[in-house]
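Asks: Top to bottom, those sequences are chains G and E.
Here the numbering used here is used: position 49 in the first sequence is 49, and no number is missing along the way.
Here the numbering used here is used: position 170 in the second sequence is 170, and no number is missing along the way.
Hints are all accurate, no fakes.
Simulated pairs of lysine-lysine, DSS-like, Cα-Cα distance not exceeding 25 Å:
1. E:Lys126 x G:Lys25
2. G:Lys25 x E:Lys123
3. E:Lys185 x G:Lys35
4. E:Lys123 x G:Lys34
5. G:Lys32 x E:Lys183
6. E:Lys102 x G:Lys26
7. G:Lys34 x E:Lys231
8. E:Lys126 x E:Lys102
9. E:Lys123 x E:Lys102
10. E:Lys183 x G:Lys83
11. G:Lys35 x E:Lys123
12. G:Lys35 x G:Lys25
13. E:Lys185 x E:Lys231
14. E:Lys98 x G:Lys25
15. G:Lys34 x E:Lys102
16. G:Lys32 x E:Lys185
17. G:Lys25 x E:Lys102
In case anyone wonders, no lab produced these hints; they're calculated from the structure.
Single-letter residue listing:
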Amino acid sequence: MHWSLIIYAGIITFVTRFSMIFLLKKDILNDKAKKILSFVPAAIFPAIIFPPIFLDDTGSVDLESNPKILAAIFAIIVGYFSKNIIATIFAGLISYWFLIFVYYQ
Amino acid sequence: MNNSLKTTAKGIIDVSPLMIPVVPFGIIYGVIGMDLGIGPYMTLGLSIIIFGGASQIVLLQLFSSGASSLVILSSVGAVNARHILYGAVLSEHLAGLKLSWKIILSYVMTDQAFAVSNIYFNKNNKNNNKHYHLLGSGFTCWTIWQISTILGIVLGSVVPEELGLSFTISLTFLALLISDFRKFKNIIVMLVSGLVATIGFNSIPFKAYIIVAALTALAVAVLLTLIDIEKK
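In isolation and in its complexed conformation, chain E is listed as follows:
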């Protein structure tokens, strides 16, 4: 087996354990899409065109509450801000690649693919084909996400509404934050965000509560970071 294939396979293997929670998330997303009545093509279309669970859920949630396009798109942008960090961290490993490679790898750069491929890149800096690792991990995420979306679309018509599956959106995002539960500063940032969004849900105009809450909480995060640096 040549080096590029081997590296791709390594990416697939490394990311696989992280795919377990992606399956229920994708199914829930598909069920919700059908629940909101946007139909199977648009539900799957979002998964292919946007390919980002958090962005897709935020888009659906705000759309169903009647938010304007401007608010929806800026909220999607806010949810995606973490990708800027991922891109910056990976840039030195991908700098020598052709533009077409950069485009393809950017499209599949999810939280999970970033997590495993960044570790691989740092350990295998000399491997000239290391970018194949991100190709393997990224397209594994992509394939699993599309399959679970389709499963959700199929199940969406049979899952009874009484089960209250929309609550699983909150639970899924909550589960994504478990690594923050033990960090005191992160808990403060989380509480600020949640409280501002809950209080502002009705009073902040244009359904902009997600952006306002995120910016307020991020301002608190900046303050906490600066105080920490001062102390040192």
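Chain G extracted, bound-state conformation:
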């Protein structure tokens, strides 16, 4: 990796944070625009979450004997009921370890 890539990524990140604070005197985004922007995490994070869970090393879909799918489902259930970020992460990780070290052995 080249440092220039990191610096460009840093500039892009900064500009998204700075632009509105710099340009606006008061909040001019209407409710519709805000509603749509509030969907951004839901629109982008699953694109980061899904492929490493469902695809194997060769890039083909692996639905059988895939401990990551089961562990992710368990994490979603814990997250749904607890609404707790840490509990969700650890539920997924511990069930994943159980599956790969105990169940699939």
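Fit chain E to the given chain G structure using the hints.
Replies: For chain E alone, kept in the frame of chain G given last:
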């Protein structure tokens, strides 16, 4: 204690509970950076220059899969789009500040700092030093993020690969979405994004699957929002 110090301290206290999940996230990021072999300086350099967990992980993930700079940078831009919303919401509270203040506060405006300082700003609109709250919350995030990155860099050389810690990236992003699990429309948007990315992982050229999936899902979100407004 004068007002600006008091407000800074309030920012630090308010954001502290939200720092608990940031620590494992930062450690995982540091471990992954070392795992990919970019070395300790670049791993920490990303945390200082970019200072955004999701952006840093996306950059590493796409870089290691051989994506081009253009795809990497536009994906980072897409991940950051939510900051535009934060900036717009905070703009009226920060409009009177000097440019140097705006630059500093923008650099530290993370999800967590925004969440607590926006609440404070709305409740304490008359406090002339209210921007110190964001200074306190933002730099608390910054300090915790750098320390946990360093912890991850140190641990990166000792954590065995068999533990499958890369799975925690998926889990961390999943955990960031828990508030969306109860909203039907958000679930649809999430499924569209995830399915397009999984199906398109191999077929979409230039590793642009994150951008394509995000734009498709956002288009669905626009449709759902418009349908909702029509009904009213």
